[in-house]
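Protein chains: 2
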Amino acid sequence: MTIFSRDEYEQRVQATKQRMEQQGLDTLIVTDPANINYLTGYDGWSFYVPQAIIVSLILSEPLWVGREQDSNGARLTCWMSESTIKPYADYYVQSVVRHPMDYVAQVVRGYGLDHGRIGVEMDAYYFSALSFHKLVQGLPDARFADATLLVNWIRLIKSDQEVALIKQAAAIVTRAMGTAMDVIRTGVRECDAAAEILRAQIQGTEEIGGDYPAIVPLIPSGVRTGTAHLSWIDRRYEPGDTVNIEIAGCVRRYHCPLARSAVIGVPSPQLIELSQVVAEGVTAALDVVKPGSLAEDVEAAWQKVIQHYGYHKASRLGYAVGLNYPPDWGEHTVSLRAGDMSELQPNMVFHLIAGMWLDGYGLEISETFRVVPEGVEVLTGTERKLFVLEEPQALCS
Amino acid sequence: MTIFSRDEYEQRVQATKQRMEQQGLDTLIVTDPANINYLTGYDGWSFYVPQAIIVSLILSEPLWVGREQDSNGARLTCWMSESTIKPYADYYVQSVVRHPMDYVAQVVRGYGLDHGRIGVEMDAYYFSALSFHKLVQGLPDARFADATLLVNWIRLIKSDQEVALIKQAAAIVTRAMGTAMDVIRTGVRECDAAAEILRAQIQGTEEIGGDYPAIVPLIPSGVRTGTAHLSWIDRRYEPGDTVNIEIAGCVRRYHCPLARSAVIGVPSPQLIELSQVVAEGVTAALDVVKPGSLAEDVEAAWQKVIQHYGYHKASRLGYAVGLNYPPDWGEHTVSLRAGDMSELQPNMVFHLIAGMWLDGYGLEISETFRVVPEGVEVLTGTERKLFVLEEPQALCS
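Protein chains in written order, with this note's numbering: chain A, 1 to 397; chain B, 398 to 794.
Keep in mind that the hints were calculated from the coordinates and are not lab data. Please note that the accuracy of each hint is not assured.
[What the hints assert, rightly or not] Computed cross-link-like contacts, DSS-like style, restricted to lysine-lysine with a CA-CA straight-line distance of at most 30 Å:
| id | chain 1 | residue 1 | chain 2 | residue 2 |
| --- | --- | --- | --- | --- |
| 1 | A | K313 | B | K710 |
| 2 | B | K782 | B | K710 |
| 3 | B | K564 | B | K782 |
| 4 | B | K710 | A | K86 |
| 5 | B | K414 | B | K483 |
| 6 | A | K313 | A | K385 |
Extracted from the complex, chain A is given alone in its bound form (with noise of 0.2 Å):
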């Protein structure tokens, strides 16, 4: 039933041990949606209550532990045997008195794992302040390291396979922003163009299904455009509005982001302009894409076209992506911005996000890519250019 081989299970278990002993970790307490993912296979949307991965240099399988009426979803998503699904009672969930951390403290106890040193990602999303105080609280024999990202940067470098399913999930975001180019018109709602986005997004393609995205489809379009996070409203089109269409294919997990802007009727010069130097911009940072050059020179690149042209952009260029849950698909390891001197390598995938979020307009072009031997590999082929939806005269009817 899992999504991967026991095999490549093992190994990423085996990748985390060994990031453990060069860390000084005995143990790894895991909670990070993703990361649980990664190393046991577990799927759910279980996380609004507290679960956890715990893995131990003397113990051959990760543990898990979760809410007894998740514990079936685990035997139906997880590599490991039945003794590894440590399950805890309801009474636990939501409560004053008890929390699910004093049940992972009381496995990490029974194991005899609680007179070492303890990994927790302290900065992951759903591990919070109490949780961390409830281990510490149960575990005081126990020293804690902060392990955040330990087991993200195992996750950079893509397996064959999980390439395989982000380019699956590439294939529906081709799909997804073809739909969305197809249904934003004067007139419709915003939440009518959001509601058949999603729709191509989960539907997938013949092939697959398309999984749940870690971020719905961030659409603002007219002045909404000048942020970065807004979704939709009941706003209904105009003509001359700008659309931003920030979306993702996801198939097991696996994302493949992308963005386009659109217009509806006649582009200002403005923006026309700006998409051209934000179209060469990003061109000229994937020229750089090869084993070897650092994250901060692909960002270079970029920054160097657009100041040419006398533009700016304070925020990151990309991201590192892949396997997520809410809120995030970025795996939080590598950016492509100055002062990040991580060296590419093969395997890795990146959303590279030239978002220009200015006062009261904005555009946004990315492309999601695989570094490879030669070089890159973009991995959807969206046409890279500002979408003009309706021919002037549809404006005058």
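Fit chain B to the given chain A structure using the hints.
Frame of chain A; chain B shown alone:
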């Protein structure tokens, strides 16, 4: 541009300040995205980076602290004046040398609020262990107190305008559940059914568009109905499958959840019996709802019925619901379960979900209800039964 009047937001902030005074807090740092929205109107898919609202007894308006590229979103959605918008630079984002909470601490210091007693939401989503650690480091003169759920408890009793939004969400979920019952058929892929359900959730009604619900459709089928939180896969429905459908309508972030189970073809006698018991139990529980009843009374009425028939359910029967963001639409305050002595009051809204997750099969019937002076107002009218989706003869085709 705000959803509610300035008066309503100011009342909410006033109620928050009252509770702060009762708990001896000078300042409250709010990080739960639903609480941020509740107090300021702020809406955006930006909770994947740290953000906060600072409420102080000596400030008339809350301060918004978030990422620079989201500050225009704050200007578009918040009620406060421009001077309360405190954006942090992009180099704080996913950096190993800086943390956004360093900047939050700086803002707190800048307003001279760092010598008092500061409440933080220790167990809120997106308030990581590291976020707290950074605040403690950055505010050495402050004393910290756990204020988890302080704002959530204010949210428990809805205004009439909030109820009106939940009723619009009820119309949407009714429609989306109808879509589910129309599209789930032998041979259809789960992902294709999910796509149509999501489309209906987002399209909404002619009057109002749907917002993204805080949880994706949970629609396990077959053996996967034995657990609570699986979404869809590529699997094609087969004759005899049971499908659990747990979805919500969402309007302006206000939710109305609804769950039903369906069977494709002929239900087993076991499942028919279970559905009748569950429906009877839900009705008995709703009959107890009125101002002055306790949360645990509602659950006790349910238990009495199912135990009479020899069934058992350990997990809670429901929870307060309303405004929320992923990963949960529940408010984390009152639960319908033994030991919860909260008194029901008018304009509380609950999702009562009778989910039975047994080995290899399961069933769900839920209702979202509002407490009214006369007793209970059930917000949707979907029949309280197991849905049978194909006539027996269809199985022979």
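Ascending list of hint numbers which this structure does not respect
1
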